[in-house]
Amino acid sequence: MRAATSQSWRDWLLSEAPQSRAQARAGQAYRRWRGFTENWLGVVGLVIVLTLIGMAIFAPWIAPYDPLAQNLSQRLQPVSWQHWCGTDSLGRDIFSRIVYGSRVTLLIVGLVVVTVGPLGLILGCVAGYYGGAVDRILMRVTDIVLAFPKLILALAFVAALGPGLENAIIAIAITSWPPYARVARTETMVIRNSDYIAAAKLQGASSLRIIMLHVVPLCVPSVIVRSTLDMAGVILTAAGLGFLGLGAQPPTPEWGAMIAAGREQIFDQWWVATFPGLAICIVALGFNLLGDGVRDALDAR
Amino acid sequence: MASARSTAKLVSAEVTTFAITMLGLLLVTFLIGRVIPIDPVLAVVGDRAPPDVYDKARIALGLDKPLWQQFLTYLGQVARGEFGTSVMTSNPVILDIKRVFPATLELATLGTLIGVSLGIPLGVAAAVYKGRWPDNLVRILGLFGYSIPVFWLGLMGLLLFYAHLGWVGGPGRVSVAFDDLVTTKTGVLILDAILEGEWEVARDAFSHLILPASVLGFFSLAYISRMTRSFMINELSQAYILTARVKGASETRVIWRHALRNAAAPLATVIALSYAGLLEGSVLTETIFAWPGLGRYITASLLQADMNAVLGGTVVVGVVFISLNLFADIMARVFDPRTR
Amino acid sequence: MSDILLDVEDLRVRFPGLSGYTEAVRGLSFTLGRERLGIVGESGSGKSMTGRAILDLVPPPGEVTAKRMAFMGLDLLSMPHRERRALRGARMSMVMQDPKYSLNPVMTVGEQIAETWRIHNPGEAGQARERALAMLDAVRIRDPKHVYDLYPHEVSGGMGQRVMIAMVLVADPDLIIADEPTSALDVTVSMQVLAILDDLVSQRGLGLIFISHDLDLVRSFCDRVIVMYGGAVMETLNARDLDHAQHAYTKGLLNCLPRLDRVDANLPVFTRDPEWLK
Numbered sequence: 001m002r003a004a005t006s007q008s009w010r011d012w013l014l015s016e017a018p019q020s021r022a023q024a025r026a027g028q029a030y031r032r033w034r035g036f037t038e039n040w041l042g043v044v045g046l047v048i049v050l051t052l053i054g055m056a057i058f059a060p061w062i063a064p065y066d067p068l069a070q071n072l073s074q075r076l077q078p079v080s081w082q083h084w085c086g087t088d089s090l091g092r093d094i095f096s097r098i099v100y101g102s103r104v105t106l107l108i109v110g111l112v113v114v115t116v117g118p119l120g121l122i123l124g125c126v127a128g129y130y131g132g133a134v135d136r137i138l139m140r141v142t143d144i145v146l147a148f149p150k151l152i153l154a155l156a157f158v159a160a161l162g163p164g165l166e167n168a169i170i171a172i173a174i175t176s177w178p179p180y181a182r183v184a185r186t187e188t189m190v191i192r193n194s195d196y197i198a199a200a201k202l203q204g205a206s207s208l209r210i211i212m213l214h215v216v217p218l219c220v221p222s223v224i225v226r227s228t229l230d231m232a233g234v235i236l237t238a239a240g241l242g243f244l245g246l247g248a249q250p251p252t253p254e255w256g257a258m259i260a261a262g263r264e265q266i267f268d269q270w271w272v273a274t275f276p277g278l279a280i281c282i283v284a285l286g287f288n289l290l291g292d293g294v295r296d297a298l299d300a301r
Numbered sequence: 001m002a003s004a005r006s007t008a009k010l011v012s013a014e015v016t017t018f019a020i021t022m023l024g025l026l027l028v029t030f031l032i033g034r035v036i037p038i039d040p041v042l043a044v045v046g047d048r049a050p051p052d053v054y055d056k057a058r059i060a061l062g063l064d065k066p067l068w069q070q071f072l073t074y075l076g077q078v079a080r081g082e083f084g085t086s087v088m089t090s091n092p093v094i095l096d097i098k099r100v101f102p103a104t105l106e107l108a109t110l111g112t113l114i115g116v117s118l119g120i121p122l123g124v125a126a127a128v129y130k131g132r133w134p135d136n137l138v139r140i141l142g143l144f145g146y147s148i149p150v151f152w153l154g155l156m157g158l159l160l161f162y163a164h165l166g167w168v169g170g171p172g173r174v175s176v177a178f179d180d181l182v183t184t185k186t187g188v189l190i191l192d193a194i195l196e197g198e199w200e201v202a203r204d205a206f207s208h209l210i211l212p213a214s215v216l217g218f219f220s221l222a223y224i225s226r227m228t229r230s231f232m233i234n235e236l237s238q239a240y241i242l243t244a245r246v247k248g249a250s251e252t253r254v255i256w257r258h259a260l261r262n263a264a265a266p267l268a269t270v271i272a273l274s275y276a277g278l279l280e281g282s283v284l285t286e287t288i289f290a291w292p293g294l295g296r297y298i299t300a301s302l303l304q305a306d307m308n309a310v311l312g313g314t315v316v317v318g319v320v321f322i323s324l325n326l327f328a329d330i331m332a333r334v335f336d337p338r339t340r
Numbered sequence: 001m002s003d004i005l006l007d008v009e010d011l012r013v014r015f016p017g018l019s020g021y022t023e024a025v026r027g028l029s030f031t032l033g034r035e036r037l038g039i040v041g042e043s044g045s046g047k048s049m050t051g052r053a054i055l056d057l058v059p060p061p062g063e064v065t066a067k068r069m070a071f072m073g074l075d076l077l078s079m080p081h082r083e084r085r086a087l088r089g090a091r092m093s094m095v096m097q098d099p100k101y102s103l104n105p106v107m108t109v110g111e112q113i114a115e116t117w118r119i120h121n122p123g124e125a126g127q128a129r130e131r132a133l134a135m136l137d138a139v140r141i142r143d144p145k146h147v148y149d150l151y152p153h154e155v156s157g158g159m160g161q162r163v164m165i166a167m168v169l170v171a172d173p174d175l176i177i178a179d180e181p182t183s184a185l186d187v188t189v190s191m192q193v194l195a196i197l198d199d200l201v202s203q204r205g206l207g208l209i210f211i212s213h214d215l216d217l218v219r220s221f222c223d224r225v226i227v228m229y230g231g232a233v234m235e236t237l238n239a240r241d242l243d244h245a246q247h248a249y250t251k252g253l254l255n256c257l258p259r260l261d262r263v264d265a266n267l268p269v270f271t272r273d274p275e276w277l278k
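Residue numbers (the working numbering), protein chains in the order written: chain C, 1 to 301; chain B, 1 to 340; chain L, 1 to 278.
This is chain C alone, in the form it adopts within the complex (with noise of 0.2 Å):
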């Protein structure tokens, strides 16, 4: 009986003659999802990823020991049943610390989408929509802050304006928006001269109205593609900040700055700076695996 039904929701959602919008929409999704599992990789990295987020919802009750919990009776600690990565000089838990890392990862993450993608949306949907000069003086902006030394200018940034979480996420911001503008500004070109634009201009709709409600919506997927591209750079990004002591400040458990602190001790306690390293490694890996997929599974459309 379960597999006839499954069969007929299949058959739903794969039918060629949907009778509503609805069904249309739930079909495409399902293709598009049918096209993304094909490829195994993408699989891999969705599975990375929502482990992640899975990690840092549900912190407290997988980490063994409180994250910030200091024994010095147990410092630098190997690897054993006790600590899964061992312990680090101030005798806190270092798996523990990983699994909390998590919940800063994916703030460090989403901040910077959440400012970054509207940011860069708008301005590459007003560019594109416009032309002419503001598009010119747009791209010109866009294309002087894409030459400029990510890294070294967020340094720069977090230096004056101090260091901490906050700032480190603003300079990365800054820094990050250009080529999602550019995304936006393509796409938008291309919708600008559709005849649908063309009905709801003659409409008398007014171009913040088309740009809100015609253009900026038909942009997002690229968008998002693209901020998955880009969150394993946003990753690698804040760890380094982290790790230059310019990100989350201690005792947070930042994987960052968790390897600064076992860099002293590299060669005796290797646990101690590998683990954290090991843990931005497979999160990086999953959203570029993640963000290969997505990108492959809604190009074949």
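Simulated from the structure, these hints should not be mistaken for laboratory data.
Predicted model, so just to flag it, every value in this text is computed and none were measured.
Think of the CB as a built atom: it goes at the ideal place given N, C-alpha and C, for glycine as much as any other residue.
Incorrect hints may appear among the rest.
Stated by the list, open to error - Calculated pairs, DSS-like style, for lysine-lysine (alpha carbon to alpha carbon, straight line, at most 27 Å):
1) B:9 <-> L:100
2) B:98 <-> C:150
3) B:98 <-> B:185
4) L:100 <-> L:145
Stated by the list, open to error - Just some of the chain B residues that point at chain C, by a computed CB distance under 10 Å:
5) 149
6) 302
7) 321
Using the hints provided, position chains B and L relative to the given structure of chain C.
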């Protein structure tokens, strides 16, 4: 005639872009230096200065003038190489930078050489044997190159190749025993040692250089091989490749003389960008390897809140970075007769 | 006929696909002397793939089979790829369709002509430039020395195609295949290019396979015509007999040509008979 004029036009467009980008960068560093900090005067005179001393310092710094005038003054200073004095070393920042920059250049150059000499053949192989192992290798390298933090890879490299295997020298540019044995001429230690015939020093310096350069080279390799692959796949599908085969050209000739020659223009851009990327990546790498270059100078100044040094270093990296972008555009034109 | 250049029997080219093989050429047989053989057909009829198969340039994963494929007594089927390559450019060659894409954009046209010579005459590489200049002259380019140093984007389409012909003929081949050599050119330019090709083929007594979709062109240019459809030969006939073609497909094609001496309200719509592919 017409082509000479269009060349002049292109060059002037490139130079304009370069100038505008530089201006933009300096505006940003200016704003960071003069506007964001709490009060640049206090940084000079200290917290407890009496009001008249404070005002004098304020006027001396030109802070009473409108912002745009201050910016012009700043531009003039940068043009003369005046970045102020470093709090940390109490030297003029420009002298510090001159001293440390060759070490960074040495690192980034060898890294790029590694990336180019391995990345291009690998990328070509990946394009020629698409779907086979070289292709998969390039894909994996690319994924790792975009997923591994450079400073962590450096640490792991030290752990494995220095501490465990003992194949390479440890942190620093040269072992302590060889410190200050050679006089600085070029600033590039290996060259200086060879010039003086100090082969032992040169060997030791190389054993210290190879690991950080390889770490940077890995990222360059990942990027260059991936881009070479995609350029070559594009070129190999072009009609002129079939023409070359029709002529009886060997596959070697088809691939290297015809396809790669056509991919040279975009590759030049990629290599220049990768070089610029390594200069930036050296900031984190040098910290790990205690490498006395510009990157470590900037990060060390950061921690001391030595803003003159930080901004001076940022401007220098920015100038090199933007110049490399310009250079890449020019090289792309040189390699492609259509855009000459 | 003692002077048979090419003898092909039951040539087949097929490509593996998701659901079995797709046959691009199915059972083509012909012999070619020092004459002009036209191969006509619509796009996808397998005419270009035939040319590629003769030159050993069918792209992978395509497979070529035949009962016999011999070039001037040499068995092409048993010949290793390396030797096939040595034949290419030296004894058999191909004029490609569009000079805009078929010439290497970053080599001067003279270098590209000289390269063919150099590949096949490594001992006499010093002569390459001279030979290339002579060839440029032979394709009626007025100032060969100047043109030698031009890049492909600096020459017109007609001149590009003349360069292409020079490049193909510089090593003195016996057989050339011209794959839609004029379809990317204007009508007047294409006439000039054809005239040059015509002269060179006659002077040198070459065998020419002229691949085209243009029936009128083939009729005026070639001695014999093979009509292909769906990878198979529909009919082989003398060019001057084309108007008396027997096969329904050939007739259908001819009927589709607009003509000045006939008033048609509409050109007839062509119906294809699946039987032809059997």
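Hints, one by one, checked against the model:
Proposed proximity of residue 9 of chain B and residue 100 of chain L is supported: the alpha carbons are some 26 Å apart, at most 27 Å. Taken as a hint, the residue 98 of chain B and residue 150 of chain C pair is honoured in the structure, with Cα atoms around 22 Å apart against an allowance of 27 Å. Note on residue 98 of chain B and residue 185 of chain B: the hinted pairing holds, with a Cα-Cα distance of about 12 Å set against a maximum of 27 Å. Between residue 100 of chain L and residue 145 of chain L the CA atoms are separated by roughly 21 Å; this keeps the pair inside 27 Å, and the hint holds.
Checking residue 149 of chain B against chain C: minimum C-beta separation of about 5 Å stays under 10 Å; hint holds. Contact between residue 302 of chain B and chain C, as hinted, is supported at the beta carbon level, the nearest pair being about 5 Å apart and thus within 10 Å. Annotation: residue 321 of chain B was flagged as interfacial toward chain C, and the flag holds, the nearest CB pair being 4 Å apart, inside 10 Å.
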